[in-house]
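Enquirer: Working from the sequences, and respecting the hints, build out all of it.
In this text, residue positions in the sequence shown follow my numbering: the first is 13, and each later residue adds one.
Simulated from the structure, these hints should not be mistaken for lab results. Cβ coordinates follow ideal geometry from the N, Cα and C atoms, glycine included. Keep in mind that a hint or two might mislead.
Listed below are the simulated BS3-like cross-link pairs for lysine-lysine, each with C-alpha atoms no more than 30 Å apart in a straight line [to be verified]:
#1 Lys243 - Lys33
#2 Lys30 - Lys259
#3 Lys232 - Lys243
#4 Lys107 - Lys134
#5 Lys95 - Lys30
#6 Lys134 - Lys115
#7 Lys236 - Lys181
#8 Lys181 - Lys259
#9 Lys259 - Lys107
#10 Lys222 - Lys236
#11 Lys240 - Lys30
#12 Lys30 - Lys313
#13 Lys236 - Lys33
Restraint ranges, calculated between C-beta atoms of paired labels, are given here [what the hints assert, rightly or not]:
#14 Gly234 - Gln306: 48 to 56 Å
#15 Gly226 - Leu101: 44 to 52 Å
#16 Asn351 - Thr206: 47 to 55 Å
#17 Asp74 - Pro163: 28 to 36 Å
#18 Leu101 - Pro153: 38 to 46 Å
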Amino acid sequence: MSAENTSSTLTAFRQAEKHFKNRANKDIYPSLHQWQDRLIDLSRPDSQEEDEIWAAGWWSPDHDIVPAATNGRRRKGIVKRNKGKRPELDTASLKSLSLHGGKTGYIVAPGCILIPGYLTIKQQLSFLYDSLAQYTLPPNPLSLSTHYDLPPDLFSLFVSDPEATILPKHMTGAVNPEVLTSASQPKSRKLNDTEPASVIGYEEIIARNKAWTGDVPSDKLGAKEVRKLWKEIRWANLGWVYQWSTKSYDFTPETPIPFPAPLADLCSEAVASVPWENVFSSESDPDASTYGWQSWPRDYKPDTGIVNFYQLNDTLMAHVDRAESRSTAGFSLSGACCNPSLGF
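Expert: If you want it as structure tokens, here you go:
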């Protein structure tokens with residue numbers, strides 16, 4: 013399929029996302045210039061030469077023109093030396109907020125607040141360490157938990173004995189062979205257009221998760237050293253467990269897995285620092301009064317969360333969270349440089 017035909021089947025947001033996620037075929041998608049009126053870069057240095065975005069070539073005019081025929085491949089022998097000139101980005105139109113505590117936030121989309129530099133370097137390092145050493149401890153499920161017979165403290169083993177071997181569950185006898193055989197049969201992929209949890213209802217969510225028998229471990233995986241397996245962790249689940257198969261939270265236990273107190277306090281403090289009366293306006297949003305934002309500074313407390321782990325070449329596909337049953341504020345914390353994309 014040609015690049016032109018591919019683009020015609022995508023929404024405007026997906027086309028923009030393709031640009032940011034693309035690695036091998038940068039030239040077949042439009043350059044960053046196409047979206048410059050919708051880009052926000054609050055960390056941009058005054059000097060172009062000190063700008064890592066410019067230095068990496070994102071503003072290169074070489075990306076402005078789509079090659080006539082690439083067949084999805086980059087032509088060899090072409091060296092892009094022209095980084096171009098970065099344009100000025102309009103930040104004057106951003107509405108800023110003076111937060112309780114002295115920090116500044118920005119309304120970057122309806123109801124979405126960006127707070128740059130919220131954590132000090134010391135705080136960032138502390139939460140990064142907790143993400144690796146604490147949030148990966150049982151009973152928190154990991155992306156690897158379904159398939160591997162994991163030790164009780166994977167991070168400690170990674171530090172003390174990175175060459176240690178971890179076996180997949182199908183090699184330890186932890187899974188019924190008949191179940192593995194049935195699960196290994198090829199199946200067509202089914203895409204689910206999940207209804208919002210507020211539409212499905214609490215009782216139906218409970219019923220669906222009670223009927224769910226669990227994911228079957230893969231029988232295609234082999235033993236791996238801890239140092240290699242550690243890099244394959246994609247997420248850790250905190251609090252109420254999100255079941256990827258049912259696309260809903262599993263409320264069948266009486267209580268959730270305890271949510272880490274320091275992280276919960278951070279989320280609550282951040283939400284309480286926002287003057288929400290300056291964010292939601294009944295003039296621009298007739299439903300603003302129904303969101304319950306008036307009580308967030310007093311009673312907001314997280315009870316579930318996903319910690320995403322990224323390698324340098326990883327990206328997360330844009331998605332819509334439909335599993336939330338209430339319109340309570342969501343909180344996203346980035347521990348390092350990131351490029352979040354919003355579509356609405």
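Enquirer: Determine for every hint whether it applies to the structure shown.
Expert: Here's how the hints hold up against the structure:
no.	hint	verdict
1	Lys243 - Lys33	20 Å, holds
2	Lys30 - Lys259	25 Å, holds
3	Lys232 - Lys243	18 Å, holds
4	Lys107 - Lys134	29 Å, holds
5	Lys95 - Lys30	21 Å, holds
6	Lys134 - Lys115	17 Å, holds
7	Lys236 - Lys181	12 Å, holds
8	Lys181 - Lys259	24 Å, holds
9	Lys259 - Lys107	35 Å, violated
10	Lys222 - Lys236	33 Å, violated
11	Lys240 - Lys30	28 Å, holds
12	Lys30 - Lys313	35 Å, violated
13	Lys236 - Lys33	28 Å, holds
14	Gly234 - Gln306: 48 to 56 Å	55 Å, holds
15	Gly226 - Leu101: 44 to 52 Å	48 Å, holds
16	Asn351 - Thr206: 47 to 55 Å	26 Å, violated
17	Asp74 - Pro163: 28 to 36 Å	49 Å, violated
18	Leu101 - Pro153: 38 to 46 Å	40 Å, holds
The structure fails to meet hints 9, 10, 12, 16 and 17 from the earlier list, while all remaining hints are met.
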